[in-house]
Each structure stands twice: as C-alpha cells, then as structure tokens.
Amino acid sequence: MSATLPPLHLAVALDGAGWHPASWREPQARPHDLFTADYWAGAVAEAERGLLDFVTFEDALGLQSSHPTEPDTRTDQVRGRLDAVLIAARVAPLTHHIGLVPTVIATHTEPFHISKAIATLDYVSAGRAGVRVQISAKAHEAAHFGRRTFPRFGIQELDAPAVRDVTAELFEEAADYIEVARRLWDSWEDDAEIRDVATGRFIDRDKLHYIDFEGKHFSVKGPSITPRPPQGQPVVSALAHRSVPFQLVAHSADIGYVTARDADQARAVVAEIRAAQEAAGRAEEPLHVFGDLVVFLDDDPTAAATRLARLNVLAGYEYTSDAKIFTGTPIQLSDFLRELQQAGLSGFRLRPGVIGSDLPAITRGLVPELQRRGAFRRAYEAVTLRGLLGLTRPANRYANANIGPSEPEGTVGP
Amino acid sequence: MSKPLKQIHLAAHFPGVNNTTVWSEPRAGSHIEFSSFAHFARTAERAKFDFLFLAEGLRLREQGGQIYDLDVVGRPDIFTVLSALAAVTERLGLTGTINSTFNEPYEVARQFASLDHLSGGRAAWNVVTSWDAFTGENFRRGGFLPQEQRYARAKEFLVTATGLFDSWRGGEIIADQATGTFLRDARVGAFVHSGEQFDITGQFNVPRSPQGRPVIFQAGDSDEGREFAASSADAIFSRHATLDAGRDFYADVKERLARYGRTHDQLQILPAATFVLGETDAEAQEISHEVRRQQVSGATAIKYLEHVWNRDLSAYDPDGPLPDIDPAPGENTIARGRASVRMFRDPLATARQWRERAAAEKLSIRELVIATTARQSFIGSPATVADTINTFVQADAADGFILVPHITPGGLDKFADTVVPLLQERGVFRTEYEGTTLRDHLGLRHPDAEADPSDQRVAS
Chain A
409 MSATLPPLHL AVALDGAGWH PASWREPQAR PHDLFTADYW AGAVAEAERG
459 LLDFVTFEDA LGLQSSHPTE PDTRTDQVRG RLDAVLIAAR VAPLTHHIGL
509 VPTVIATHTE PFHISKAIAT LDYVSAGRAG VRVQISAKAH EAAHFGRRTF
559 PRFGIQELDA PAVRDVTAEL FEEAADYIEV ARRLWDSWED DAEIRDVATG
609 RFIDRDKLHY IDFEGKHFSV KGPSITPRPP QGQPVVSALA HRSVPFQLVA
659 HSADIGYVTA RDADQARAVV AEIRAAQEAA GRAEEPLHVF GDLVVFLDDD
709 PTAAATRLAR LNVLAGYEYT SDAKIFTGTP IQLSDFLREL QQAGLSGFRL
759 RPGVIGSDLP AITRGLVPEL QRRGAFRRAY EAVTLRGLLG LTRPANRYAN
809 ANIGPSEPEG TVGP
Chain B
134 MSKPLKQIHL AAHFPGVNNT TVWSEPRAGS HIEFSSFAHF ARTAERAKFD
184 FLFLAEGLRL REQGGQIYDL DVVGRPDIFT VLSALAAVTE RLGLTGTINS
234 TFNEPYEVAR QFASLDHLSG GRAAWNVVTS WDAFTGENFR RGGFLPQEQR
284 YARAKEFLVT ATGLFDSWRG GEIIADQATG TFLRDARVGA FVHSGEQFDI
334 TGQFNVPRSP QGRPVIFQAG DSDEGREFAA SSADAIFSRH ATLDAGRDFY
384 ADVKERLARY GRTHDQLQIL PAATFVLGET DAEAQEISHE VRRQQVSGAT
434 AIKYLEHVWN RDLSAYDPDG PLPDIDPAPG ENTIARGRAS VRMFRDPLAT
484 ARQWRERAAA EKLSIRELVI ATTARQSFIG SPATVADTIN TFVQADAADG
534 FILVPHITPG GLDKFADTVV PLLQERGVFR TEYEGTTLRD HLGLRHPDAE
584 ADPSDQRVAS
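Residue numbers (the numbering used here), protein chains in the order written: chain A, 409 to 822; chain B, 134 to 593.
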C-alpha cells in the first residue's frame, strides 16, 4: 500500500538544546554554545547532511517559560534566544541546499521589515528562504512593546469569549501581515532592473508597484526597497491547532504544521484544511500539511522511552506537548510517518527532543530507513526550497497590471 | 612634532543609491546579489579595514510624483545581510544603519545583540532618525514625527535600547549540567523604561553579547546631532571631508566630550570619503572627470536642478543654458525620500548664483551641476592618496575615513591593493588585526570596563 505513496517531506524544528526542557543536561548537548554561530551552523549542517527539506528556527519576543502564557521563575531550563532571522542568515552562506525557515511574530513586528528580511534571506541563501508566521497573545510580551495590551489568561481559558476574540483578531491580523509580505515580494517585477545606459534609467519604474494595502490593522504603501527575491515568493508556513489558525493556513500559507496524534486525527485535520482552502478559492494551489512530532529516537525500542523518562526526572515533571511525543526506533517512526502520510499529510516537521542526539538519529537513522523504503530523496533534486517542496516559481501578481484589468491575478489571501 | 603618529581607521561603505554610484559600465555588478556583498566585505577584510558600513532608506525615492529611476534602486535588509556577511568574514566590523522612528527598541536591541553574538563581537549601529510621513506610509504605526521630536525620539530609543543591552550583565548563564542550574537568577533581563516615546517593561531575552553593546554611530551634523554624538556615540559618520572643515568639526565635537565625562579617544570621527586612483596624479585627474560625467548624466543634471527649482524642468536641454525662470516658491515638494533637498535653504539665491556662475564660465546645465556638486575627496596616485589621508588624520581633521567607492563590488580592490600597503609602510595602519571585536579595532573600551559609574548612557 505504502509503495504507491510519493516520497514524504522532512523538516526539523530547531529550538535551543532541544524540545525537552531538560535536553540541555544531556551529554550531547552544548548548553554553553547555544548563543554562538558555530552551534547553529553545526545543527543545520547535520540536517543538510540528512537531505532534509528545511529547518525551522523557533523564536519569541520574550523569555521561554514552562507556563504557556506567563513568565515563570525557573532557573533549571534554557532561557534566552537569538533572533531567528539572523540565525538563518548566519548559516545561509555555510549551506547549499537546505531550506531556512525562521519564525517571525506578526503581532509586534512590521510587515515591511519582515518582508524585506525574508526577501534578503532568499538572496543570501540563493532561493532557500521561508518564514513561519506566529502570533503572540501574551500580555507580558505585549508589554515589551508598549503599543497594545492583552488580557492575561491561562491555557485553560483559551475558549473564554474574551480570549477567543483576541486570538481571532490576532490571526486575522496575521493574514493581513502575510498578504502585505507577499504583495511586497511581488512589488518589483523580475525584470524591473534594466540598466538602460541610453536613457540613463537603472529601473523601468512601470515594473515597480505600490501595493496600497489597507486593512483593519494597518496600511502599507510599498513598493519594497528590496527587489523580488529569487524564489519570487518565499515559502510561508504556520503552525495550526484549531479552526481559526486552520483558516490562516488555508488562506495564506504554503505549509501548515498540524499536531495530529494519529491517522484519524490527521484525516480530520486535513479534511478541515482542504475545505477551508476550497472556501478560500485556493483549491488548485499546492498546500502542504505537515505533521509536527516531538521525537526521541534510539536503535533499541525501549532506550528512547527510558531516556525520556530520565529527562522527565531531571526536569522534575512529565514533559507534555501540543504535538505527539514519539519514542522508538527509526524503523518504528518510519512506519508511523507512512501511516500518517497515508492519512493525507505530505510531510513532517520533527522536533528533536534533544538536538545533540535526536537530530543525528533523524539524519543517520530515520533518513536511511525512509530511503530504503523509497520514501525519501537520495540527493537534493532542486536548488530552491520551493523546488524541494514541488512548488513552482509563481507568476508575479502585478506583472500584467499595466496591460490587463487592474485586478491582479493569482492573489493569495483576503 | 613629538606627538606619536595616530593610527588610521578605515571603513568601507557599500555603494549606495545616490548618483555617486556608477552602474552604467561593464565593471558595475549587482547591487543586491549576495556575491557582491561578500566580495566587498572580503576585500575590506583582506585590507584589514575596521568595518563595513551599510546605509538604509525605507521608502524608494520619488521625484515629480514618480519613483526615481536614474540611480541604483533596491537594497537588502540590513540585519539579514550583515548576519550573512558574518559567515564569510572573521574580523571585519559590521555596521548597519537602523532608523529609530520606524522600529521598536525591544526588537532592534535583540537584533543587534543577536548580530553581535553571531559575529563574535563585530556589530555596530548607526542610529538615524526620520520624521517624514512619506516613509511612514510603509509602516503599520505610520511614523510621522514632528521634526523637533526626532532627536528626542532617537535619544530615548538609544537610552531604552542601552537599558535592554545592559539588562544582562554577563555571567547569568551557568549551564551546569550536573546541578541542573542553567540561570543564576530567574529575573534575568528585567527592565523598566517609562518615557515620552516608550513605556515598556519586562525581560529582555538575549544574553549579554561579546561587545556588551554594539558600537554606536551617529551621523547628524546639526548642533543637536553633535551633542547627541558627544553624549552617546562611539563614532561619528561625518560629511566634512575637507581639511579645514574637518578640523573645525573635529575640534568642536571632541571638545563637547568632556561635558559627558568622556575622553577624546572614546569618540572616533570618521568622515565619508570618495576617491579616484590612477597610475599618476594626472591620470587620476582624468579618470576623475570621466567618473563625474558618469555620475552626472544629462538626465541626472536636470533632476538635480529640479531639487532647487522645485518644479518640472524636463523640457530643458541639459547641454543648454540654465532655466531663466525662478524656482517655485514654498515648501519643496518635488523630491521625496531624499534628505539632501533641505540643504537649499534659499533656492532663489542658489538659482541666481548658479546662473551667474554658468554665464561667467560658459557652463551648460550638466557642466554646472558637475562643477557645483562634490568632486571626489581623494584623487591621485596611490602615494598621493595615502599621503593625503595620513595628513588629514595626523592634522586632526579625522580619525580615519569611511570610503565610498563608486563601483560595486570591485571599487575597493585597487585601494586595498595599492593604498593600504603604503599606509602600512608608513606605520599608520595595521598590518594584522590585533583584536577580534570591532571595539578592539576602534580602540574603544568594553562598556563593562568603563571606569566611570556615572556613565551617561545607562538607562534611567
């Protein structure tokens, strides 16, 4: 049955020393190096050695916390992080094939800045940039900016009407944010730079476009100061757990990360996203739905679970996650990924429990196993991230604006 | 003359989006591909320069209501390209121009602190301000700021960011795997700032970076700008590239330092300078004229004249005489997104002077613009240029220069290969980097080494 399945896509989510709060205490962890370029370059090189599609870099505009919505007072876990876009840019010249997908927080940043930052990441990586868009409804992070206030709430209050209103509005704003970033990427046509010595013109200004975005939350004029990036449109992705973010994925993204724990949940989530995609008028556009999994891998089936248990003891509590926590062998994980793929997922974003050991287990254990099954590439087949994901280079929505109707074609989003 | 020779500081400004950048010849490469930035940075590092400098503009320039198309257009995001350049260089300082009007302190502070970590202590921030609603149209918060508030905003932005940089003192990360203590104190990075421009509180999330804080540049020339620099900057990117103007500026700014308890060596004065090299001085002069003609095409000359006349002059022949009509009165509205139009404070007088000069010297519009706009700062053989630069620095007209080549990306190569060795022979420029951080290169103390506890820059 699985022989008929296409190869799957594989990404790794990098965060600190790993996703388990005690990961930094493992012998393979390098907790003193977390704020150095070498650490990140090493992790991404390992991922590239495993021919992975891309890596994501987590980010936040506040310190990590064991509490979902508030700061904590713990001193036994990794705290502090570097800007994800800068980490991605720092490793770009040191790698050649792997996609680089930093997290950005739409809630507190400028879409104009982020659009040109991701476009520039695409230039410095020669077409390997993506972005993962996240919102922040945390009251204490809003206080770092002092421009807006959110009610303080706990995770159990997510369904309280006031909290739902706030998060719904932030996701709506994130959709506008992505729309602005995408329009800015298209605000220069590919051949806008002409260097016409005869007329003295460096650009053909008819090929630069104001984006004139006006939304409920902000308006942005354009054009970008950065020319259209090599991929045309860098890859946009978002993590989604519920209906509102599913809408964002369906409307605006190229990849949605979901936290289905089994094949049934995967089928249900994919069906919901596909329906929303159709409702958004994007049924014909490729949209990847990736499963997010936290993974602890070992060649011995019980060793991984034993290691997780040991890390839980070190942490002082049982680690839980929005995503399924998988413990087992690369062979068992291969079976599980193919099962989820059968249910409609096209790829996976694996969160290594401990980067120092679970990332090499992915690249040197899981990947060869998937390759044996014909389920994963044996060499990089494309030079851009879009290419690795089977996405074509999109036409520029403004390219025919001068000769055709004023409504641009191929527009994504609201 | 018993004074020891001053060591010269040199930096490389990536050619920008002004008409000084020549894009029209075959040697002129891409202004956006990373290979151009990498080439330029590697040349600067090969020549042991102190740092690379990037300018910024957050809205494409317009003239007469249309995007200005005669100069290079298009630039990368500063932080992203500097972080990538950190991967292809090892010692070169990385200076980015970042606007205090269209950014927030928390984000900018973590970007610079991240750059400093990722470059091993090579980050610098050229703090600039804007107030125009024109640029603000690209930003969600608008950004219109009354002109008189721009330094207040910049100062408070810098004070706030400094508070964030200093919210981690170093040593907070224990990361003891055996005992399980990662942090010395859960309240790391705690900060409160309450002011006119910013009212923020919480915890900064980037640990203390190698330089403590990025090196701070200031570029303004007004009295307020000079005072801001004397109080808060580590280096000034100045425009005074002539000997006399340079000495006056240098003396004025250095004198202000004492008021802030600072010494002369704690503020480097680094004017921007252009250059043309030839085998001989005569050849350099010839090349200089040719470059000036490339920089000021007929079309560029007409556009430049419009800045003064404040009206459409497209009907005029650049090879003909100056317009006999007068500049349009009132606020200059023809050019937007360009700071230089403000230098014509009395357009009627400027137009009169230019007409008189053009008539007396029989100059066409294009010739007049070439004659009135700045020539290259240093023109000559490598020996002449090396001597001139050294003279300026030893005479206290500058502590060094930020060189602006007119060709991307190879415009620095010849300087690196011919002038730098002469400066090294004269014993006024390093032959190897002595330290690893930009502070080391510039002779600036690490902020934690500052003896004076009443350091003015520490946030309130």
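What the hints contain is simulated information worked out from the structure, not anything from laboratory work. Check before you lean on any hint, since a few could be wrong.
What the hints assert, rightly or not - Where chain B lies over chain A, by a calculated footprint (3+ residues, C-beta under 8 Å):
1) 492 to 504
2) 551 to 564
3) 605 to 618
4) 633 to 642
Ideal placement from N, C-alpha and C gives every residue a C-beta, glycine not left out.
Do the hints match the structure? See the list:
Counting residues of the region 492 to 504 of chain A whose beta carbon lies closer than 8 Å to any beta carbon of chain B gives 9, which meets the minimum of three for the stated coverage. Residues of the region 551 to 564 of chain A lying with their CB closer than 8 Å to a CB of chain B number 5, which satisfies the three-residue condition for coverage. Three residues within the 8 Å Cβ limit are the bar, and the region 605 to 618 of chain A against chain B gives 9, so the coverage statement holds. With 3 residues having a beta carbon nearer than 8 Å to a beta carbon of chain B, the region 633 to 642 of chain A meets the requirement of three or more and the stated coverage holds.
Taken one by one, the earlier hints all hold for this structure without exception.
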